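Just so you know, the sequences run in chain order A, B, C and D.
Residue 63 in the working numbering sits at position 63 of the first sequence; the count goes up by one each step and never skips.
Residue 23 in the working numbering sits at position 23 of the second sequence; the count goes up by one each step and never skips.
Residue 31 in the working numbering sits at position 31 of the third sequence; the count goes up by one each step and never skips.
Residue 80 in the working numbering sits at position 80 of the fourth sequence; the count goes up by one each step and never skips.
Please keep in mind that the hints were generated in silico from the structure rather than gathered at the bench.
Remember, it's a predicted structure, so these values are computed and weren't measured experimentally.
Be a bit skeptical, because a hint or two may be false.
Label-pair distances were calculated between CB atoms; the ranges are [what the hints assert, rightly or not]: (1) B:P133 with D:R9: 31 to 41 Å; (2) A:E47 with C:D103: 42 to 52 Å; (3) C:D103 with B:R9: 45 to 55 Å; (4) C:R65 with B:L41: 31 to 41 Å; (5) D:M1 with C:G42: 26 to 36 Å; (6) C:R75 with B:G97: 22 to 32 Å; (7) B:E107 with C:V86: 21 to 31 Å; (8) A:L83 with D:K50: 24 to 34 Å; (9) B:L2 with C:I118: 44 to 54 Å; (10) D:M1 with A:G115: 18 to 28 Å; (11) A:L2 with B:P133: 30 to 40 Å; (12) B:L2 with C:A85: 33 to 43 Å.
Heads up, the beta-carbon is just placed ideally off N, CA and C, and yes, glycines get one too.
These are the residues of each chain, in order.
There are 4 protein chains.
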Amino acid sequence: MLSAETEVRVRYAETDAMGIVHHGSYIPWLEVGRIHLLDTLGLPYSEMEKQGYRLPVLRVSLQYRSPAHFDERVRVMAKLETLPAVRFQIHYLLQRGESLLADGFTEHAFVGSDGYPIRPPAHFRERIKALWPKLK
Amino acid sequence: MLSAETEVRVRYAETDAMGIVHHGSYIPWLEVGRIHLLDTLGLPYSEMEKQGYRLPVLRVSLQYRSPAHFDERVRVMAKLETLPAVRFQIHYLLQRGESLLADGFTEHAFVGSDGYPIRPPAHFRERIKALWPKLK
Amino acid sequence: MLSAETEVRVRYAETDAMGIVHHGSYIPWLEVGRIHLLDTLGLPYSEMEKQGYRLPVLRVSLQYRSPAHFDERVRVMAKLETLPAVRFQIHYLLQRGESLLADGFTEHAFVGSDGYPIRPPAHFRERIKALWPKLK
Amino acid sequence: MLSAETEVRVRYAETDAMGIVHHGSYIPWLEVGRIHLLDTLGLPYSEMEKQGYRLPVLRVSLQYRSPAHFDERVRVMAKLETLPAVRFQIHYLLQRGESLLADGFTEHAFVGSDGYPIRPPAHFRERIKALWPKLK
Numbered sequence: 001m002l003s004a005e006t007e008v009r010v011r012y013a014e015t016d017a018m019g020i021v022h023h024g025s026y027i028p029w030l031e032v033g034r035i036h037l038l039d040t041l042g043l044p045y046s047e048m049e050k051q052g053y054r055l056p057v058l059r060v061s062l063q064y065r066s067p068a069h070f071d072e073r074v075r076v077m078a079k080l081e082t083l084p085a086v087r088f089q090i091h092y093l094l095q096r097g098e099s100l101l102a103d104g105f106t107e108h109a110f111v112g113s114d115g116y117p118i119r120p121p122a123h124f125r126e127r128i129k130a131l132w133p134k135l136k
Numbered sequence: 001m002l003s004a005e006t007e008v009r010v011r012y013a014e015t016d017a018m019g020i021v022h023h024g025s026y027i028p029w030l031e032v033g034r035i036h037l038l039d040t041l042g043l044p045y046s047e048m049e050k051q052g053y054r055l056p057v058l059r060v061s062l063q064y065r066s067p068a069h070f071d072e073r074v075r076v077m078a079k080l081e082t083l084p085a086v087r088f089q090i091h092y093l094l095q096r097g098e099s100l101l102a103d104g105f106t107e108h109a110f111v112g113s114d115g116y117p118i119r120p121p122a123h124f125r126e127r128i129k130a131l132w133p134k135l136k
Numbered sequence: 001m002l003s004a005e006t007e008v009r010v011r012y013a014e015t016d017a018m019g020i021v022h023h024g025s026y027i028p029w030l031e032v033g034r035i036h037l038l039d040t041l042g043l044p045y046s047e048m049e050k051q052g053y054r055l056p057v058l059r060v061s062l063q064y065r066s067p068a069h070f071d072e073r074v075r076v077m078a079k080l081e082t083l084p085a086v087r088f089q090i091h092y093l094l095q096r097g098e099s100l101l102a103d104g105f106t107e108h109a110f111v112g113s114d115g116y117p118i119r120p121p122a123h124f125r126e127r128i129k130a131l132w133p134k135l136k
Numbered sequence: 001m002l003s004a005e006t007e008v009r010v011r012y013a014e015t016d017a018m019g020i021v022h023h024g025s026y027i028p029w030l031e032v033g034r035i036h037l038l039d040t041l042g043l044p045y046s047e048m049e050k051q052g053y054r055l056p057v058l059r060v061s062l063q064y065r066s067p068a069h070f071d072e073r074v075r076v077m078a079k080l081e082t083l084p085a086v087r088f089q090i091h092y093l094l095q096r097g098e099s100l101l102a103d104g105f106t107e108h109a110f111v112g113s114d115g116y117p118i119r120p121p122a123h124f125r126e127r128i129k130a131l132w133p134k135l136k
């Protein structure tokens, strides 16, 4: 497993008329966590885009356990639980202090310049393998 | 099954730098479809809120099949596949013409004035039962 | 003056913890009104993009007069008050029934394939002139 | 003048199909800068809300000078240029390195529990006066 944790501070724009964070506002937070995970792995997404790869989201699944509110700090942990194949998942835990706010996953596939799904680029696979705990 | 269909027109603000609609932008569209379904059932959400009930989202699960683009019209079909219990799901199909763009579900529970999950209000249950095809 | 009016229905995602529409949510509504105005003039923005022109926003100025709420219908009127030069403004009136909710303008310039501001394309200028009331 | 500076990192969700940050995405960044300014002054907005005050936005005016892109760091400087009266403005400078990306202001008034504009609360005025450079 490879994981990384970052933090977001809840923006007023992310709340809704229930007085809590709108469920849709969590989706960009998952992205923040995912981008941070890729940074931590030495595979920044902006670099991959420059090399012609994209990593669109094929699926989102998120369970909301406890509401978040304006100005709270939310820790976003993103993790790779298995070595990425053509399709792979990134899992998330969102917490405020010890409270679990939400957990779930996104599913991804790399897409090449022709717009079709491809295997993860060699550079990406090698880097992940090099960092993977069990394979070290 | 009870269902309703409405349409959204893609806003430029809903696209991202991949040139397609950002995956997070679909979440408010599910909401548009859900609100429209409740309207169609004679159970407008704004009325339920006035009566002290809220219907937060407990889970989102969405699969992205084909990208949407600026200015396209996307049909959003929302449907109740089973009679709502304490927790219940609303399913969605998003289509452009005959193309399936995305499908998935949201999970909900009614919450009362004390913030705790409750059974769907009597008015809601009776209305759904009265409209339910098999029970007519 | 050339103008067009369309309507948006307030999404829950557009509200905030004050129980009203977040001020940032109006910006995409201006865009909806602007896109509709261009449609009405026979100059759909998606066509202009295909021809290699873009029309970025150089300035936004908006005054909030009265709050909007979930599920309300907001009429968005967009208008061209002067013949477009290199820089030009589109003005907006946002109303719910007879109530003025907000008014303001956006400023724009066409940008060509090299990314630099250019005069409005000939097709655009001729179309606007042909429709302009005083010049008919 | 009282000012404070913070930084946002551009989210993919904040970009649009032009490949740059959507103009509407800057509005929550102004909010991030404003909230940070109030924190710095010892007047956190979440505290003011708990005391029954709200500080809605009455006007937004923003000029876009140069586009921002995914993953860039944008510094947001918010400043009070005059002592707040019933209506007051907060000014903003958004920069990436030495490049000016945008500048503008928001206008605000405190609103009390009855929803009507009021003078800034005594605590707020005293705190600002105590910190104001010329009045020290």
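Let me make sure I understand: some of the numbered hints might not hold for this structure. Which ones are they, in numerical order? Of the numbered hints, 1, 3, 5, 7, 8, 10, 11 and 12 do not hold.
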